[in-house]
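Participant: Put together the whole structure using the sequences plus the hints.
Order-wise, the sequence lines are chains A and B. Just so we're aligned: the first sequence equals residues 1 to 289 in the working numbering. Just so we're aligned: the second sequence equals residues 1 to 744 in the working numbering.
One should not assume that every hint holds.
Said to hold, decoys possible - Computed cross-link-like contacts, DSS-like style, restricted to lysine-lysine with a CA-CA straight-line distance of at most 25 angstroms:
#  : chain 1 : residue 1 : chain 2 : residue 2
1  : A       : 171       : B       : 466
2  : A       : 200       : B       : 478
3  : B       : 446       : A       : 200
4  : B       : 665       : A       : 199
5  : A       : 171       : B       : 665
6  : B       : 296       : A       : 199
7  : B       : 385       : A       : 200
8  : A       : 230       : B       : 507
9  : A       : 124       : A       : 149
10 : B       : 507       : B       : 478
11 : B       : 373       : B       : 478
12 : A       : 199       : B       : 466
13 : B       : 466       : A       : 200
What the hints assert, rightly or not - Computed footprint of chain A on chain B; a stretch qualifies when at least three of its residues, placed anywhere within it, have a C-beta under 8 angstroms from a C-beta of chain A:
#  : segment
14 : 441-452
15 : 471-477
For the record, the hints were derived by calculation from the structure and aren't laboratory data. From the three backbone atoms N, C-alpha and C, an ideal C-beta is built for every residue, glycine too.
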Amino acid sequence: MNQSLHQHNPFKRMLFGFAFSPSLESNLHEVVRLAEFFDSELILLHVGEKTEEKQKKVSSIVDATASSSRVCEYHWITGDPHTTLLDSTESLSIDLLVLGAVQHESLFRFYVGSVARKLTRSVKCSVLLLIKPAVERVACKNVVISGFKTSTLPNTLFQAFYSAQCLGANKATIVEEIANKSVKVIVDDDRSLIRSLRKKRVLEAEENRRVAELIDQLPAVLTDSISVQKQAIFGKRGYSIGHYAEVTRADLLVMDAPVKTSLLSRIITRDIEFILSDLPSDLLICRAK
Amino acid sequence: MTRNQFISSLPKNLFAGFVVSLIALPLGLSLAVASGMPATAGIVSAVVGGVVVALLGGSYVTISGPGYSLVVVLLTAVTTLGGGDLFLGYTHTLAAITLAGVLISLLGVLRMGKLAEFFPASAIEGMLAAIGLSLLVKQFPIMLGLEAGDGNPLIKLLKLPLVVTEFVQSAPESASTLAAGLLGVVSLVILLFNSSIRNRYYQQIPSPMWVILLAVGYSYYCQLRGIENPIRPELFIQLPDSVESMIYHPNFDLINSWGLWSVAITIAVIGSVESLLSIKAVDNLDPQRRRSNANKDLRALGVATAISGFLGGLNVVTVISRSSVNVTQQANNRSSNFFHGMFLLLFILFFSKLLNRVPLSALAAILVYTGYKLAHPLKLVAAVKVGKEQLLILIATSLITLSTNIITGIFLGTLITLLSHFVITRRPLLFLLHLFQPNVLAFKEKDTDSFYVSVKYFCSFLNLFKLKSKLDAIGATKTVVIDFSLCEFVDHSAMQTVENYIASFEKKGGTVSTIGLDLHGASSSHPFAVRNLTTENTLGSIEKLFSRRQENLSKMSKEYGWEYCAKNQPIDPSLYRFLFFETKPIVHIYNTLVDPISNGVVQDIVFNEGEFIARESARVTALTIKLESNIPSFVLDKEGLLDRLNAIAGFGDLTVEGHNYFNRKFHLSGSQPDKIRSLFSKELIFLIESSPIYLIESSGNELLILKKDRLLSPTEVKALVYFGRELIETLACNSISSNREISN
Chain A
1 MNQSLHQHNP FKRMLFGFAF SPSLESNLHE VVRLAEFFDS ELILLHVGEK TEEKQKKVSS
61 IVDATASSSR VCEYHWITGD PHTTLLDSTE SLSIDLLVLG AVQHESLFRF YVGSVARKLT
121 RSVKCSVLLL IKPAVERVAC KNVVISGFKT STLPNTLFQA FYSAQCLGAN KATIVEEIAN
181 KSVKVIVDDD RSLIRSLRKK RVLEAEENRR VAELIDQLPA VLTDSISVQK QAIFGKRGYS
241 IGHYAEVTRA DLLVMDAPVK TSLLSRIITR DIEFILSDLP SDLLICRAK
Chain B
1 MTRNQFISSL PKNLFAGFVV SLIALPLGLS LAVASGMPAT AGIVSAVVGG VVVALLGGSY
61 VTISGPGYSL VVVLLTAVTT LGGGDLFLGY THTLAAITLA GVLISLLGVL RMGKLAEFFP
121 ASAIEGMLAA IGLSLLVKQF PIMLGLEAGD GNPLIKLLKL PLVVTEFVQS APESASTLAA
181 GLLGVVSLVI LLFNSSIRNR YYQQIPSPMW VILLAVGYSY YCQLRGIENP IRPELFIQLP
241 DSVESMIYHP NFDLINSWGL WSVAITIAVI GSVESLLSIK AVDNLDPQRR RSNANKDLRA
301 LGVATAISGF LGGLNVVTVI SRSSVNVTQQ ANNRSSNFFH GMFLLLFILF FSKLLNRVPL
361 SALAAILVYT GYKLAHPLKL VAAVKVGKEQ LLILIATSLI TLSTNIITGI FLGTLITLLS
421 HFVITRRPLL FLLHLFQPNV LAFKEKDTDS FYVSVKYFCS FLNLFKLKSK LDAIGATKTV
481 VIDFSLCEFV DHSAMQTVEN YIASFEKKGG TVSTIGLDLH GASSSHPFAV RNLTTENTLG
541 SIEKLFSRRQ ENLSKMSKEY GWEYCAKNQP IDPSLYRFLF FETKPIVHIY NTLVDPISNG
601 VVQDIVFNEG EFIARESARV TALTIKLESN IPSFVLDKEG LLDRLNAIAG FGDLTVEGHN
661 YFNRKFHLSG SQPDKIRSLF SKELIFLIES SPIYLIESSG NELLILKKDR LLSPTEVKAL
721 VYFGRELIET LACNSISSNR EISN
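Facilitator: Spelled out as structure tokens, the structure:
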């Protein structure tokens with residue numbers, strides 16, 4: 001593949017925890033394909049005992065994929081799924097943990113199971129949540145990236161554009177969520193409405209400038225032939241971007257990892273919680289190592 | 001409003017205030033008496049209300065004074081708080097009113113103006129109907145010159161005919177009853193048939209004033225003829241002759257008892273709800289379309305109520321009926337409210353002797369009429385038209401309110417509405433899970449000035465405020481498209497609210513269109529009927545029940561001579577010749593519009609993206625035009641989404657010489673680069689640059705044009721049709737000129 005692109009690979013080692021479920025085949029095809037696109041090494045881990053039969057079954061599926069050489073290690077570890085995967089990402093120096101989401105009864109809605117949810121918060125590397133792994137590839141065209149101002153945004157943009165480029169996306173939209181609080185004008189009547197609109201315009205311009213600067217700092221090969229757009233949306237931070245991804249039928253949504261993971265903030269459900277319970281698309285949660 | 005404008009509009013507001021005071025006088029007197037308080041209490045509250053709210057309020061053309069909703073509550077408080085002693089009860093009630101005023105102000109400070117918007121529309125109608133019926137039922141015997149009874153309003157309603165028989169029996173024997181009763185009945189007739197009297201001079205004076213004049217006239221008639229007025233003295237209004245004796249002060253002895261506080265809280269909550277609903281309604285009446293600051297008004301009303309209670313008056317609310325008269329009389333600022341208060345003060349100071357000639361039966365007639373209007377049977381018919389469940393909610397709320405009290409009534413009514421939603425959708429989890437989740441997204445669409453609002457999960461009275469605050473923050477001068485495609489359930493209150501926004505935006509130069517409701521099943525063809533997507537019968541509904549968008553499309557088609565058909569159409573296989581639909585299986589096509597001039601066909605197309613139905617269905621409005629002669633096939637899209645597909649097929653991005661802006665903004669590709677370049681003449685490029693277009697594709701003998709990647713509002717459909725015509729024309733001109741070149 002493209003050497004100048006892959007020299008920037010932030011996901012050199014990928015980990016996928018697999019289980020012997022009906023979707024094993026499609027899962028494996030999907031992650032192997034991803035490893036190929038990203039030019040990464042793929043480590044497959046099963047929480048449970050190793051048996052000859054199981055190893056044979058897995059290997060045969062992997063061999064049937066187009067890039068079976070990407071799989072470099074198999075691990076069989078017994079124990080609690082959450083701690084096992086958490087520890088393994090550390091001990092095996094994993095850059096990207098890949099997890100699958102669960103389908104709702106209504107067929108079009110996906111949510112993240114409890115183990116995956118905990119892992120998403122606790123691991124120290126980036127996490128990719130897949131909603132509908134398939135044997136045959138579904139093209140990725142449209143990537144939505146959260147432009148929320150954090151100290152790790154440059155890293156998030158880097159990982160986002162690397163992924164978009166590898167997956168062959170045409171369009172990346174950087175979404176800036178402007179919370180009502182930051183507008184700081186309560187709209188009571190006509191006068192306050194005008195003030196509020198003016199403030200929003202100013203905020204939007206500031207956000208655009210900030211994001212444009214960050215994108216300019218990325219290596220050119222990452223943003224090559226991807227149409228980059230900026231969109232300001234007004235709504236509840238963390239939630240609105242999921243809704244936006246759904247409305248624009250995005251194929252991949254990229255966000256920063258939630259920083260405050262205290263029990264209190266989880267009870268008051270904010271940020272990533274909303275999106276985890278109703279995934280609009282594949283979700284990449286970026287962390288800097 | 002500048003100083004000069006203010007001064008020049010003073011006469012108008014002065015006169016409007018005067019007319020309103022003519023109505024406020026009898027109403028204030030009758031409301032006070034019906035509440036078990038001295039007649040002047042009503043006037044005190046109107047005067048205080050007019051002055052205080054004019055100075056401190058946040059609305060523009062409202063009138064403040066005593067309201068209807070708390071009459072029964074106040075009467076109960078007066079009779080019970082004093083333990084039988086009516087005067088004591090009165091002063092205790094004043095304490096409750098004063099406390100309520102403080103609470104109302106607090107609600108305003110805490111910006112709780114949104115509270116009123118939580119109650120579903122039909123429950124509020126039910127509550128108003130119950131209030132009207134209680135008023136009517138209580139005052140009916142008084143109107144006939146009889147004693148008022150005690151007891152449950154519901155039972156009294158059923159016993160209403162007995163009151164009539166009682167009158168018929170006792171009237172011949174008691175001259176007082178006969179005279180009072182007849183006066184009352186005649187007054188009622190005057191009120192009922194007011195609009196039938198077509199005399200211009202008669203119409204200058206509002207009908208309640210005519211009632212007063214009639215009563216006073218009758219009294220003078222007796223005096224002139226030397227007869228003693230047959231009506232017993234205690235059946236007259238008794239206004240005191242000095243100002244001091246009109247003022248009473250509250251008794252705060254019961255301040256530690258729950259009884260007093262419960263009355264205060266009831267007054268605060270119901271009074272605020274009545275005011276907030278009235279303010280909203282009056283905003284719709286304001287010819288200048290100004291938006292009131294409801295919280296500022298609440299603060300003012302709270303202060304006014306507290307002062308009024310302290311001086312012996314009723315509570316102060318914003319009243320819709322007097323406000324609408326105010327608007328009709330062309331008032332345009334708060335000074336009319338002030339003047340109405342001042343005129344009332346004048347009346348009470350200098351005309352009290354005159355007013356003492358008015359018997360209570362005349363005032364009762366005014367209230368019976370008001371009650372009748374609030375509980376009009378036509379409202380039941382209106383509710384059924386929206387949907388059967390609305391009628392159920394209305395009647396249930398009314399009955400509960402009549403048999404218990406207002407607060408219980410409105411809360412249980414709300415609960416019943418919620419239960420009806422559970423039953424209709426058969427998915428209570430839909431509401432419970434997503435109740436506290438934000439469900440509205442708004443953003444400005446790129447390259448246009450229009451805002452897109454998407455509503456998800458459900459939209460009912462429970463979370464309407466979220467949609468409303470987004471629309472309010474956008475501003476009524478903008479173009480807004482509300483997309484309900486992701487929303488599975490939309491209730492009556494939400495539909496009604498959206499309609500209100502459509503109207504208010506229109507008046508300020510903006511527009512609101514709704515898309516995505518065409519597939520929702522509705523319980524009736526009424527525009528406010530509940531929309532439900534959770535049940536299976538979604539396809540059938542397109543044919544029977546029109547959404548507002550479909551109605552508009554149908555109207556527009558008639559106006560412009562297009563053929564319109566809402567029904568599902570068979571899928572034309574030629575659509576799959578377009579690269580856009582190559583990997584998108586089409587599920588169904590509806591809302592088809594045919595333009596005879598360009599032979600263009602506009603359709604809503606529902607399709608799936610990707611295999612294995614990896615996504616929910618996407619919807620888009622597309623224009624297809626079959627061409628008479630072939631042109632080279634190409635894809636022109638703004639965002640290069642189809643680039644990758646073309647790259648696979650071996651077609652790169654074409655550039656046209658001399659058009660840098662076009663090359664930058666659009667991706668153009670196809671299998672015959674030279675022919676495509678010659679097709680894209682200066683005129684064609686200019687046309688495309690100046691119109692917002694998402695995609696134009698040619699399959700050789702047919703064009704596919706997409707304006708946006710979603711369903712279009714009726715206005716946008718019109719623009720799309722016109723763009724299609726211009727495109728065809730430009731292509732035709734090109735082919736003529738290129739033919740000429742070839743032949744040369």
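Participant: If a hint holds in the structure, say so; if it does not, say that too.
Facilitator: Here's how the hints hold up against the structure:
1. The suggested pairing of residue 171(A) with residue 466(B) is violated, with an alpha-carbon distance near 31 angstroms, which exceeds 25 angstroms.
2. With a C-alpha separation of about 15 angstroms, the suggested pair residue 200(A) and residue 478(B) falls inside the 25 angstroms cut-off, and the hint holds.
3. About 16 angstroms separates the Cα atoms of residue 446(B) and residue 200(A), which keeps this hinted pair within 25 angstroms; it holds.
4. Only pairs whose Cα atoms come within 25 angstroms are accepted, and residue 665(B) paired with residue 199(A) is rejected, the gap being roughly 29 angstroms.
5. The straight-line distance between the Cα atoms of residue 171(A) and residue 665(B) is roughly 14 angstroms, inside the 25 angstroms bound, and the hint therefore holds.
6. Straight-line distance between C-alpha atoms of residue 296(B) and residue 199(A) comes to about 23 angstroms, which keeps the hinted pair within the 25 angstroms bound.
7. A distance of roughly 42 angstroms separates the Cα atoms of residue 385(B) and residue 200(A); the hinted pair therefore is violated under the 25 angstroms criterion.
8. At most 25 angstroms may separate the alpha-carbon atoms for a hinted pair to count; residue 230(A) and residue 507(B) exceed this at roughly 32 angstroms.
9. As the CA atoms of residue 124(A) and residue 149(A) are separated by approximately 20 angstroms, the hinted pair is consistent with the 25 angstroms bound.
10. Simply put, residue 507(B) and residue 478(B) have alpha-carbon atoms about 11 angstroms apart, close enough for the 25 angstroms limit, and the pair holds.
11. For the proposed pair residue 373(B) and residue 478(B), the alpha carbon gap of about 37 angstroms is over 25 angstroms, so the pair is violated.
12. Between residue 199(A) and residue 466(B), the direct Cα distance comes to roughly 21 angstroms. Compliance with the 25 angstroms bound is thereby established for this hinted pair.
13. Between residue 466(B) and residue 200(A) the CA atoms are separated by roughly 18 angstroms; this keeps the pair inside 25 angstroms, and the hint holds.
14. Counting residues of the segment 441-452 of chain B whose CB lies closer than 8 angstroms to any CB of chain A gives 6, so the stated coverage by that chain holds, three being the minimum.
15. Residues of the segment 471-477 of chain B with a Cβ under 8 angstroms from some Cβ of chain A number 3, which satisfies the need for three, so the listed coverage holds.
Figure legend: structure checked against the earlier numbered hints; hints not met, in rising order: 1, 4, 7, 8 and 11.
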